[in-house]
Amino acid sequence: MDEEVKITETTETPAGTGSAADKVMKAKDIRSVSKKQVVTKILVQIGLYVFLTAVAIAVLFPFYWMLISSFKTIDEYNATVPTLWPKQFVWYNYRGLFVDILPGEVPGLEEGMEVAGELNLGRLFFNTCLVGIVSTILSLIVTVLSAYAFARLEFKGKNLLFGALLATMMIPGELFTITNYVTVSDFGWLNTFTALIVPFLVSVFYIYLLRQNFLQIPNELYLAAKVDGTSDLKYLWKVMIPLSAPTLISITILKMMGAWNSYIWPRLVANDTMHMLITVGLRGTGFVDAATNMVNYPAQMAAVVLVTLPLLLVFMFFRKYIMRGVSRSGIKG
Amino acid sequence: MKDLENSLSPSGGEEQRESGAKGFIVRHAEIFRLLPAAVCGLLGIVLLLAPLAPMLSGDFTQAGNNFTGYSVFGSTGRQAGVTVPVVLIVVLGVLCVLFAAAAGIFRKIRSSIWCDAVACLFTVTAFATGLGQALWFGSSVGVFSVLCLVIGLIAAAAAVGETVLHARLLSTRDDKTEWKAQYNHWKAWIYLLPALVILAIFTLWPIFNTLRMSMLKDYDGLAQIGGETFEFGFANFAAVASYSKFLTCLGNTMLLTVITVPISTMLALLIAVGLNSIKFLRKTFQTIFFLPYVTNGIAIGMVFMAMFQMIGGGPTTEPISIGIINNIIKAFGGKAINWVNAGSSYWANMSVLIIYIVWNALPFKILVLLGGLQSVNKQYYDAAKVDGASRSRIFWRITVPLLSPMIAYVVITGFIGGFKEYTSIVGIFGDSMGPVGDKGKLNTMVGFIYDNIDQNQGRASAAALILFAIIFVVTMINLYVSKKKVHY
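Line by line, the protein sequences give chains A and B. Take the first sequence: its letters are residues 1 to 333, numbered as in my numbering. Take the second sequence: its letters are residues 334 to 821, numbered as in my numbering.
Hints listed in this document are in silico derivations from the structure and should not be mistaken for laboratory results. Since the structure is predicted, the reported quantities are computational estimates derived from the model, not experimental observations. Glycine is no exception: its CB is placed at the ideal position from the N, C-alpha and C atoms. Each hint should be verified, as a subset may be incorrect.
Quick partial rundown of chain B residues pointing at chain A, CB under 8 Å, derived from the structure [what the hints assert, rightly or not]: (1) K520; (2) F623; (3) A632; (4) Q790; (5) V819.
Dumping the calculated BS3-like pairs for lysine-lysine here, alpha-carbon to alpha-carbon at most 27 Å [to be verified]: (6) B:K520 - B:K550; (7) B:K774 - A:K234; (8) A:K238 - A:K320; (9) A:K158 - B:K520; (10) B:K753 - A:K41.
Extracted from the complex, chain A is given alone in its bound form:
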């Protein structure tokens, strides 16, 4: 590497003096250097691919391990030398998450073995989807209205209010959680869906994101619509929302992902089975086998696969929108 620099530097200095012979020399040197460069470039490229592949394997390995473990029998999982591919594919780890498997019903499953204990995955899925969908819809309505007010409508104190809202983004969420927990208990909202939906309905960051998008829409459109006698709401619905659909999709996906991944708040306010969310249920279940008093890892991994899979599917389809939203926020969900 350093050699290259020296070569080119030495060729560069006489080039300035500019005799014909020097120029020929220089051209030759450059050609030889570029040959060298081609070789190093190929080597560097190979090195890069090796490095990136190694990192990719490190990134993918947990997913791979989770997936194959969920198809193993518990005996195979507990083998002294772990297998990298299941010798025998079994599905009962998944089935056991939704229904009770009776002893001796499935070959390979020892008698008295419970797969997932009290975990009711169907109910958890339902709760999480309900909370996710309702909070996303309400959040979108509130966000669109406020972003519109901040972007298009004129009122005194607009910038001051907006600045104050942005300032609250600096405060760590834990500071709010303590009081919100007390407030929610005071309202009698413990163990209700309301407690899971309402407190985080308004996200200053989403308002900010959407406002920036609204501001990019030329004001002439608004004025033209006004001349035609369009009402604000109609303009918002017919022009602003379609034009900022990508941002709205980003917000929708991030909000849904937030509901799916949230743990701290749901664990605090909704602990009963009727309102528990998926992550809380997953972490709260021991997957401990009553018979052997050992953790049933294949069943646990099956549950983890079912929690992870929807996210990965959403990511496959909406990759662009997720990345766009994420690169601006720096927050998860």
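Based on the hints, put chain B in the right spot on chain A.
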């Protein structure tokens, strides 16, 4: 219509010339129009301070029955009802202050009939709350309840009177366009209303309340319902700072942050530069590297736990299986390590956490840095190539300086996220925040706050404020350093 105007305008003129009290009001109508807003503002402030007042006077037994009573678990009899008016008061107070700010301070003196009507509505509601409170508590009405009632009454009367007056004034003028502009003005607030109400309850109020709770020694909502009083002062902060468990949490958090942020940033930078200089398979790699971001932190933490876990056995007995990671280590000629089981060493636990946190933090950093790299002007690299600069030189002299804003961004967000680390530890070690038999060994600052949240909200608040202060200071230091080093 015209006839109506003609018939009205002379009367307006007459009003102008009229003397006495009525004339005075008309001549100084602008000042009077401010009245409801000003009263509303005052009322709002009083209403906001009302829950704080018993705390300052130190009369907590009565306070439990009157204003504060943040009954955490209170669900029986009268005490369950106590809490609701308090929250209502706060909400109304916030609304009133907002209204006053909007109507009085940031607006022109001229107002429209609509804003007066809204002012009227607010004040009447506030008045009704005061009245409701007085009726509800009967003989044990506090001083502030009475005060609210009186002020609410005055404000309501003033607002009603002013509205009527203003309506008469407006009808004498032909300022329909102005009227419309004023209406538009108010529409913005209507659009903002849902967001502002929720923010007031769940964002604005917690800011005040956290400060309040942190100043009351060992504050506990449940104990307060029982009539317990709390000492006012900085006792919570002193208790938190000298609490050995807190110091463990602080140490763990600091250590995790200081180790994971540089590692993940360096690694992400290398990967981003690597991705930027390849063409074939770039999209595939990019997608793979982003995958950890779209996963559930708890769920994948459980996978990491399973990978590092030794199955069966204990500190003395041989395990049935040493786990996949230990098998890989053995395949490369290493020795099996007790990573996460009972009796595992602190640094073994820490290594697992660091690996997991870095694994989790990479996607975001790669995304930001790669985005930055792709927006770098290619001319710099062409110029460097012409000059024959080496790769390492290009990296340190062109890539890093041009990328420094993005690097600063990921480092700052990394530090903030690092100080709030919690779910990755729960994911791996569960609620016990440590390996079996060693509860709380790996607890963090946020974990400490949540441990105290339902028993000792005073201490939790103090810890939260300390956390906020640390994050603030670290961010300021980061910004200061990046101001010196970052090339914009």
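Outcome of the hint check:
1. K520: 6 Å, holds
2. F623: 7 Å, holds
3. A632: With Cβ-Cβ at 4 Å, under 8 Å, it holds.
4. Q790: Holds, because the Cβ-Cβ distance from Q790 (chain B) to chain A comes to roughly 6 Å (cut-off 8 Å).
5. V819: With a closest approach of 17 Å, the V819 (chain B) hint is violated.
6. B:K520 - B:K550: 45 Å, violated
7. B:K774 - A:K234: 58 Å, violated
8. A:K238 - A:K320: Holds, at about 24 Å.
9. A:K158 - B:K520: 13 Å, holds
10. B:K753 - A:K41: Given that 27 Å is the threshold and the Cα spacing comes to 42 Å, the pair is violated.
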